[in-house]
Structures are given as C-alpha cells and as structure tokens.
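Turn these sequences into a full structure, and let the hints guide you.
Protein chains in written order, with the working numbering: chain A, 1 to 500; chain B, 1001 to 1099.
Read the hints as simulated data drawn from the structure, not as lab findings. Remember, it's a predicted structure, so these values are computed and weren't measured experimentally. Keep in mind that a hint or two might mislead.
Calculated pairs, SDA-like style, for lysine to any residue (alpha carbon to alpha carbon, straight line, at most 25 angstroms) [said to hold, decoys possible]:
{"hint": "1", "chain 1": "B", "residue 1": "LYS1011", "chain 2": "A", "residue 2": "TYR92"}
{"hint": "2", "chain 1": "B", "residue 1": "LYS1051", "chain 2": "A", "residue 2": "LEU243"}
{"hint": "3", "chain 1": "A", "residue 1": "LYS327", "chain 2": "A", "residue 2": "TYR113"}
{"hint": "4", "chain 1": "A", "residue 1": "LYS204", "chain 2": "A", "residue 2": "LEU243"}
Single-letter residue listing:
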Amino acid sequence: MALSYDDVVAKYEPVLGLEVHVELNTKSKMFCSCATEFGAAPNTQTCPVCLALPGALPVVNEKAIESTILIGLALNCKIAPYSRFARKNYFYPDMPKNFQISQYDEPICFDGYVDVEIETEDGPKQFRIEIERVHMEEDTGKSLHVGGATGRIHGADYSLLDYNRAGIPLVEIVTKIVPGTGKYAPEVAKAYVAELRDILRGLKVSDVKMEQGSLRCDANVSLKPIGSDVLGTRSETKNVNSLRSVERAIRGEMIRHAELLNAGQKVKQETRHFQEDTGLTRSGRSKEQAEDYRYFPDPDLVPVTPDAAWIEQLRAGLPERPSVRRKRLQQEWNVPDKEMAAMINADVLDIVEETVSLGADPTKARSWWLGEISRIANEKDLPVAELSIKPVDVAELVSLVSKGELTDKLARQVVEGVIAGEGTPAEVVAQRGIKVVNDDGALMAAIEKVCAEQAETAEKVRGGHLPAAGALIGAVMKETKGQADAARVRELLLKHLGQG
Amino acid sequence: MSSLSRDEVAKLAALARIEMTEAELLELSSQFGMILDAVARVQEVDLSGVKATSHPQPLENVARPDVVAPSLSPEAALSGAPAQEESRFQVPQILGEAE
Chain A
1 MALSYDDVVA
11 KYEPVLGLEV
21 HVELNTKSKM
31 FCSCATEFGA
41 APNTQTCPVC
51 LALPGALPVV
61 NEKAIESTIL
71 IGLALNCKIA
81 PYSRFARKNY
91 FYPDMPKNFQ
101 ISQYDEPICF
111 DGYVDVEIET
121 EDGPKQFRIE
131 IERVHMEEDT
141 GKSLHVGGAT
151 GRIHGADYSL
161 LDYNRAGIPL
171 VEIVTKIVPG
181 TGKYAPEVAK
191 AYVAELRDIL
201 RGLKVSDVKM
211 EQGSLRCDAN
221 VSLKPIGSDV
231 LGTRSETKNV
241 NSLRSVERAI
251 RGEMIRHAEL
261 LNAGQKVKQE
271 TRHFQEDTGL
281 TRSGRSKEQA
291 EDYRYFPDPD
301 LVPVTPDAAW
311 IEQLRAGLPE
321 RPSVRRKRLQ
331 QEWNVPDKEM
341 AAMINADVLD
351 IVEETVSLGA
361 DPTKARSWWL
371 GEISRIANEK
381 DLPVAELSIK
391 PVDVAELVSL
401 VSKGELTDKL
411 ARQVVEGVIA
421 GEGTPAEVVA
431 QRGIKVVNDD
441 GALMAAIEKV
451 CAEQAETAEK
461 VRGGHLPAAG
471 ALIGAVMKET
481 KGQADAARVR
491 ELLLKHLGQG
Chain B
1001 MSSLSRDEVA
1011 KLAALARIEM
1021 TEAELLELSS
1031 QFGMILDAVA
1041 RVQEVDLSGV
1051 KATSHPQPLE
1061 NVARPDVVAP
1071 SLSPEAALSG
1081 APAQEESRFQ
1091 VPQILGEAE
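Have a look at this one:
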C-alpha cells in the first residue's frame, strides 16, 4: 500500500546529503585550451589532452582556480593553503583517460555553510546547511545510447561519445549530512540548491542553467526512526535537473524508503536515476562495486598553493549576498512579506528586477510576472524563464498600459500573443489589431445600441438607480470587444442617461 | 614474506580491466608479495615531518591563462577510433555488466 508523505514523516526522520556539480563558465577547459561552448557540433572541441592521447600533459586553468576560491569564500569556507589534484580511476567511456582528474583528501575549500530560509507552518524558519568541501574536477563526455526501446542506457545496443564536454571545469560542492529538517527536508533541499544557484549567479562563475546541466544535483537520502541515533542506509539520486525535481526526488525517495522499511525490507545502498516524467527514481549501478576508485595524487599536476593576500583580495571583492539582495529589493520595491515569498518561490526575482531596471513600475512588473505570466507557465508546465516573453516585453507592456494604449484586459491578450511567439508587444498589437477604442463617436454608437436593446435597464439608470449601469457597461465592453476603456464608457454612458 | 591472495589479484585485474589466466593470477600473487616487501622496507624509514610527495620537482602553481586555442578537427579527433558514427566515438554497450 502506498504511504502518504504525512505517514512517512510521522514515523521517520530524513537525513540529507547534497552534492552539487557546477560547470564553470571559463572560456577554455580545465586542463587544456579547448573551447567550452554549449551545443557545438560533436567532437569539435577536443584535443590530445582531453582525448587522453599518449604524452599529452594537463595544465590547470588559472581562472578555474580563481572561480573555485570565490565559490568557497561565498560559502564561508576555509581555503586550503596547499591542495592537490588526484586521479579518480574508473573505466567508463565518458572519460577517455580511464580516470577523472579530481581532488580527494586535499580539496581547495572546506568547512563552510549556507543559511537558507523556508516558509513553515510556524512562519519563516532558517536552516544552516554545512558545507564539507568544495573541490575542482573535470566534466565527462556526453553519451548517446543507441538501440533499445527508449534511448536509455538500459537495453542500448551501443553508445556514441562526444567529448566536447570532457574536461570542462567542474566544481563539486558537498554538504555535511543535514539532519533535523523533518518534514521540511524536500523544501530545505530545494531552498539550498536555489540559494547556491543565486550565489553562483551573483559570482558570475557559472551559467547555472539546470536544464542545460551546468548545475546538477545528486541527492543522498536516508531515513531513521524518529528518536534514533542510528543513520539509515542511503540512496543517491542522480540526474535531478530542476529545482522542482530536487523537491520531488527527495519526497519520492523518502516515501520509497519508508515503504521498504515498513515492510521489514532493507534499503539498498545504490545510485538511482530520477525520472522527470514520473517523479520516481530507477535503480542504477550498485554502489559497493562501483566505489573502488583507487585515488592517488596526479603526478602530471603540481600543488595549488594560493597566496593569502590574493585570497583576501578575492574576499574583498565578493558581491552582495543573495539574502541581503532580497532584503534590499523588498525594501526598494516596498513588497509585503507574503508577496516576496511568492516571488522567490516562483523564481521570478531576477526577471522582475530586470523588468524594473528597464523602467517598469515594480508593483506592475511583479503583478504581471506573478499573475498572468505565471498562470500561463503553470498551464504549460514550464518555468517562467523558459517562456518566450522577456523582461523587455513586460516593460513595454507596462508602458503601453500606463500610456492608455492598452487596457489590462487587452494587455493580457498581448501577453498571450508574445508567449505564442507572435513578436514583441508592439508587433502583437499591430498584427492582432488590438487597440483601445478612444473614439467617443464609436463608443457612443455602442452605448446607444445597448441602451436601445436594454431599454428597461437604461430607464432604471435614467431614474437614478446607478448600480444598474454595470450591466450596460458590460454590454458596451462586449460590443467593443473589450477594446474600450471601461472608465470612459461609464462616464459617457451616465452622461447619455442624464446622470453625468 | 607478504603476499596477495589469488582473489585480491583477480580483483585488481578486474578493476584495471586486464584479462588474466588462472596461471597468471597465481604467478602474480607471489610476485606482488616481493613488491610489497620492497615497499615495506621504505615504510621502515622515519618520515615524520616529511610531506607526502607526488612530484619530484618542487614546483607549485603552474597554471595557464583562460585562453582558447584551436581544437583538433573532428576528423583528426576520430582518426584513431576503431568505430564511429555521426562524428562520435562508438563504444560497446555500457551497462551490460552492472545489470
């Protein structure tokens, strides 16, 4: 029998561990000078180093080191005065070297923390996520599985490898175990990844696009009976590629573990793959076998010993923290707490800020992104940022409404048009022939027509019963296909019926 | 004298993807014993205060600027590939062994 989430958290306490991989946005790769552009034709960004041809020697990218130190500093980490690269040995075609250059017992940054805040039943609550380490490594190649029914790795006949991504600088951020989140575990994890993303975006060290894989989360989840000190067996869910998926994957794993434990079965320590379509995870390779990586210091690379003065210089240049920025924006825009939380939850803060920077009124910008546009995004099951409407469009829309060239109702039609790919607001207005009827003559014709059709109602208004005017105004708006300014219609109508 | 069991050698061989016959596994398990003995002698030296060394040169912070240089052409990159398709390296089925 399927357990409800409430049943799970009534009996068990979740323990989380999160590993986030971030692709840095350096121009060249971690250990060679190949370009790192996303979406290039297969195997056009490779060289003897990233293809592991004999005799090739890696040399580390200094910008990647700087970016990693910046990340460490922003996550309140200590920076190691001496750290080394290590080889992580495994055979898998995504790494042509048969090892990945990573860091093992000497990571460049360690012992940090990130504070996140989530909405709970008792109001906002802060959780501290402790960071164990931040280390440098290189990304792997991309596999395309051919044959089998689904194009998945399971059941494929063979695989095709593109090594453009192999060797792109990757930073891994590993938390310590995160206890004490109780039923809020999924939300805390989501808030943590969102906070990391915002921090990284602020540092400008990564594109942080989860859908393109430049920010990827692996979620370790285990359950223990409430009150117990013994940690349960964990599963590691990979392939979690959106904020929403982080939440869904953890919730789903908590329920799956609880069902096993309730049935007296054991949770297997294994890697699982998140399925975006079902929200469930599927078993991957078993962990005990896979984890014999025989790390050793890479003899081709020399130690990294960043100068203390340089580290302090980087620290001094850190940008405003996302939490501080949120507080500042809330004040500048005069946003109530609840609305602010809604904006953060809908992930529209950056978009609203950009819209405001293009001249739109903050309240109007916010209400478009949180209202109509979010509604359409939900309908399409897409993140707001992936719709084809951009801040510049919304700024234009707000300006058209404030100039009286569009009513709110017409503006909603324009939003639809922009999202449908019909162009900028001005183009949609032109193509759809949308315009406010400002022509009093046309309005009067509609008013006279409606008053004739609804003579009885018109008579009531003429007799001083003003609430009856609403029905007539509605009919006029319909007659003019919503293109009239309702306030002007009211004014003209009442004047027409001797009440102006 | 130390030694590695036949099974330990078999595990190392599997991790390194080296195919070995039963005779080779047995032969190597005694040879590894000699290597381990040699290393054990090094471990007798008092190394307190000596940092683990991964490189014979006392070099640090060798880095390159973040500048793109031309890559190989896909044809050159794939020229040594035993099999290829659509400008990609073709490899045998990956997960077979773990299923």
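Violations among the numbered hints: Violated: hint 2 alone.
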